[in-house]
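Engineer: In case you want the letters, here they are:
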Amino acid sequence: MEGLEQKFLQLSWKLHPDIFVNLTEREKEISLERSSKLNDAYRVLRDPVARVEYLLELEGMRKEGEHKQQAPPELLEEVFELNESLDELREAKSAGANLDVLSGKLRAAEKNFGEKLHQVDAELKTAAQQWDAALDADASDPDREAILQRLNELLNRRSYIRNLVAGVENELTGAAS
Amino acid sequence: MGRIVGIDLGTTNSLVAYVDAQTGQPQCITGPYGSTLCPSVVSLDPDGSVIVGEAARRRLLTQPERTIYSVKRLMGRGPADVQNELALFPFRIDPNSKNVIRVMLGDKMFTPPEISAFILRELRSWAEAELKEPVDRAVITVPAYFNDAQRQATKDAGRIAGLEVLRLVNEPTAAALAYGLHEKQRGHVAVYDLGGGTFDISILKLISTTEGDIYQVLSTNGDTHLGGDDIDNFLQAFVHHRVLQNGSFDFSASAESTQELRKSLIALKHELSEKDSALLRFPLPNGELFTHEFTRAEFERIIQPIVARTMAPVKQALADAHLAPATVEEVVLVGGTTRTPLIRRTVQDFFGRKPHIDLNPDEVVALGAAVQANILEHGVSNMLLLDVTPLSLGIETYGGAVSKIIPRNSTIPASAQEQYTTGVDNQTGIDIHVLQGERELAKDCRSLARFTLKVPPAPAGLPRIEVAFLIDANGILQVAAKDLRTGEQHSIEVQPSYGINDTEIERMLEESIEYAEQDFAERQLIEARTESQAILAATAKAFNNPQSADLPADERANIDTAIAALKESSAGSDYKQIRKRIDDLNHATEHLAELLMNSAVSTALEGRKLAEV
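As they're listed, the protein sequences go chains A and S. According to the working numbering, the first sequence holds residues 21 to 197 in order. According to the working numbering, the second sequence holds residues -11 to 601 in order.
So that you can see chain S by itself, here it is in the shape it has in the complex (with noise of 0.2 Å):
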């Protein structure tokens, strides 16, 4: 068997990990742009291959229908679940989804398992090509507070990938693994996570026993659909709100403008982490330039209702836990939003402690997944780690109620019996409803799965069928049943409400193996070949536009060296060399294309790359 690998697999970025054997300390694997983060980007080229992270994310502005991003927030959901995400997500949902979501990309259906499993298999080559070994078996992390389906999406992401999924961690857990290698904490601690698309808040009891050390965690909360993609929506709408108001041209209906700004936004979001005000010119499809400076205090003005949002979920984790702010001993921030210094101050405020910001928010969740892969590939040794569940486990009752039979924040595994009988004589079935949830009415909970159970004909009253349900240690739901008079078991065939079953996932598997057979250095080296001739195109372009001319000439000069450079390693096979020089292009050309957007904002600049000119 291969090497396990620890994987985050995110809603901007994902990232792979793997424990060093030497020094016994986590990693992050660098992938060939020379990031350890892989954009969560999937794209469908028009020739059928399928280009995954970095690449991909370039080819959002040029091909937006054919380029998908966020796709987590659709894991383990249905169609009538994302309406609301659909109208600020230029997702193209087919809509004759049933249970299961299909996107399209071009003119192809996929299922958001199978665009997960596309960047699992870009990870896993990632891994493979450092580690020079086959890597067969993963740990996969998913948001503490996802549910039944989305846990089970996530897992199917990794069967299509060709991956075995030994272990679901959720990633609060995990970050709290690598501060504990890191620094040996104790006590309790709160992992505040807020990502690109989910918030989680886990209390969590590090305790030392003559074994080893125990990662307990005591409670859960957060919101699934609440990260820095909402940040970025906010800024849109802000955006777009006062374009119109200055009687511009509405845009909403140009996908590559909205792509565009919302990269721009991106970046300026970016810039107001480390600065007080930044400016965003946007070149608007009618050839108009909007320009707005925002302040720091404009900016968290606008994302405090996302950061308000948070702090419900951080007041019932504590409550659960029966814990007071004050009493918690460290604080650990996770996820590249919590960098935005608004954030900071409010949970620093709240605990009234700084929090730990050592290991990098971006890579701290795939390193806690790799110590968790390392444990599993070597045995259990010194360390041990018990989670729970974020959600009560219900079945419902007469009159749509529901009964919990699992609560929330049970540690996992975790089972409950439930006894069945029949009200008629001779009826062969029960119907049972399975949710997951913490209101009272079956219709406001989630739906995990319905099934009959089957039961031999018999005078009302006298069948006593025992259902067992239990929660596995990825948070998964197992359903059994046994027959209390004869003792046999009985075998249940539960539909999952929001899933794909076997047969699909197979079929899935040998499909997404005849798109990923390319080899990797092969398609890095096309990739960055076309990448390079597209920048050396948009700047033989750039110079014959009149305006070049004001360019000192130092800087003309090189601009030319750095051209020589990329042509002389573009005809070599060094692909890593390529991009370093594409990058060396790039950033040598910025001021002419700073000058090219000055002049000519109507000729329908994209970006600030001259590539994208």
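This is chain A alone, in the form it adopts within the complex (with noise of 0.2 Å):
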């Protein structure tokens, strides 16, 4: 990462459009769009997420904006029961009556849920360095197809906990208020 960073700084200080105000419009144009260019790259690699999405983009096995949204099954049951408590609340919201008990379920729910975010995160991390393991020891290819397996897996739990843990956020903002 602090590599990461330096070369970042070091080709701003090349590419950033400042440097070629004076300069002709088809010079100002290249530093434009190669800034650009040199920026995004360096916020999709400096997000530990957004660089194993690319990565496998990279590798096809995901393509841009295409999500499972499909609930992984060993969150099966705990799902279910979110989602009896989240109806619950939208009834008790409708017919006014008191919201304390069920929003401090929900409380409950969310907290756990946010647990297993960091916990995915943290198998993310893991998967990720034995990427870069694999690559560093030039690993077959079944290895790394499996790797890039257990990647893919871990970003779409990931991105399912993260909408369950925003929709909740949601209808809790919503009942406070």
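Calculated from the structure, these hints are not laboratory results. Be aware that a few hints might be false.
Stated by the list, open to error - Computed beta-carbon distance windows for the label pairs:
| no. | chain 1 | residue 1 | chain 2 | residue 2 | range |
| --- | --- | --- | --- | --- | --- |
| 1 | S | Ala448 | A | Glu189 | 33 to 41 Å |
| 2 | A | Glu108 | S | Ser240 | 44 to 52 Å |
| 3 | S | Glu454 | A | Lys48 | 20 to 28 Å |
| 4 | A | Ile50 | S | Glu454 | 15 to 23 Å |
All values reported here derive from a predicted model rather than from experimental measurement. Positions of the beta carbon are idealized from the N, C-alpha and C atoms, including for glycine.
Bring the two chains, given one by one in their own frames, into a single complex with the hints.
Structural biologist: Take a look at the structure:
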């Protein structure tokens, strides 16, 4: 990461449009295009999740904008419960009932899934390190393929849980106001 | 080519600065009234000439329907956006305004960029008088949280004023540049910038590299409608409420009275930054005098909601930069409103460290703009600015949802490419709607532009068009399209949702030249003489009032001396000397004005100065 930042700053000195202000239109255009590419690349590479997404895209495992929104099997039961509580909350809201108990329950669920999100992030980090190690060790194709599969699964799980947490947050802020 | 200057085009005041070639230090240019601040007020004289700055500010009381202030609040906005402002600001908007607001000054209509252009022209003339050479290029600052339309409107204002805008720089970033030059800071810096009408918070990282210093903005947040104006509005509402409670006259319909109250409240607000209490004396239009002693505590209770509103953006910016308050090494306060003790305390408590206030908070943004102008004029040498886009860029997808393609706080320039195809055979166009904002639904985000991508007739799904969205170093969007099958570039006519097109800008540029081609010094002299006549007449009138007999003889003598001096210089052509003597006479007659005020509030006294009696 340290190396990435240094490289980014170094290239910024070479490409930033401020450096080309007094030159021709053509040179300004090129600088604008290249420095935007530099910034786009830095944005993706410094974010661990975006970085993995990009890797999977490169390897043809994932298409831009496509996400599987299937519940991971091991979470099915908890997700089911959560959705039930969310339904109850919506009903209670429209009936104008007291929301304290339900809100409390949802907050606990939110915390639970928040922890799961941290867990996935940690696993993602480990898998990414395994990928780097596999590259360094010049690992076989099946080995690489297995790590990519794992990364893809983790990303799907992450995006699923994140949507869940966002959904709960949304309902809870609605309940508070 | 002429010089490049740095301009802070502010809500309340605007400034122009340049870097002195000898010292290498930035400095603000002093205007004809002896101040570096040019009030951002524009007035259209009945004779058709345009008056800008202090002279226009003085007309707020006498000709409110021909005079406009805080026009920055209207930049890049549509008529529907400003309904709330209209309740508090005496803007007269042309009811037929469509995408672009048109403001009435007297019987003429102007767009906000045209009005801002008058301010830019005034500053340009200040700079040309000081530097004694033509100025045709500028770096102009904008609130970091300005959206695309607001930035474009600012750039348009520059063009209408005949200035090439080399760069729009975010105000907090400019302030950080000025501070960095001043005392070589390192590490993480938070810039809290509360001006007259806008609030910004930016978190920067200052990095030394072998090539030089990099000012990298990590995150920014803010509110483009939050500032000192809101404090004035709260105070105004408070007084209005009290007046009604007392069963007194409802003055809100009187533009003159509202302006008069506003002026007194601004003075009171400044007084309360220094003192623990201040007295408001407000003559109502029906002759009654409303008085209220504001304590600092009461004042802080009234403005607390405004200070509180700044803290959510501060927390969001820190979260986006992945920092905790305690890990920020330096905190810088910018903007006149940060002189308020409550704000200083709140910021200090939040970050747990004393904020920097060493540079004049009114001038620091202009100074930073001058530093950037100097960098651009002489080529980047040892300082580089990496700024970010404050708002996510998105495109509308099916069902009115927004797909984010460039997230907020991305370093600019930044770009994203999207591929499009057709859904039915021989479809000839694809509609694209570009938005800015953080919300999930298109209706909750800011519409930037809509355009139709032209597609050659083909079976559904066959065309492949790539659209490149690019945010340039000014934070302004550019769009280009390429047919991936043929490699052909498509030109895209993007009609901004809230903006003026190029033809209109050319016309405005021509018109504005007609308004502005009066010789600067000549105009200053005329204004100074007019003002001198007004104060001399007011003083003579005051001495006719029997109450003036209470004035001690030595004060009377002082006033007579000041009158003689002013008369003498008014006959000459040195406008600066005339202004100084007007100030002297104003000063000498303060006590006299007070005497008359105490006795005869019912004779529609307008202010503390005799010229306004």
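Engineer: Work down the list of hints and note, for each, if the structure agrees.
Structural biologist: Tested hints:
At about 39 Å, the beta-carbon gap between Ala448 of chain S and Glu189 of chain A stays in the expected band of 33 to 41 Å. For Glu108 of chain A and Ser240 of chain S, the Cβ-Cβ distance of about 49 Å falls inside the hinted range of 44 to 52 Å, so the restraint holds. Between Glu454 of chain S and Lys48 of chain A the C-beta distance comes to about 22 Å, which sits within the given range of 20 to 28 Å. Between Ile50 of chain A and Glu454 of chain S the C-beta distance comes to about 19 Å, which sits within the given range of 15 to 23 Å.
Checked against the numbered hints given earlier, the structure satisfies every one of them.
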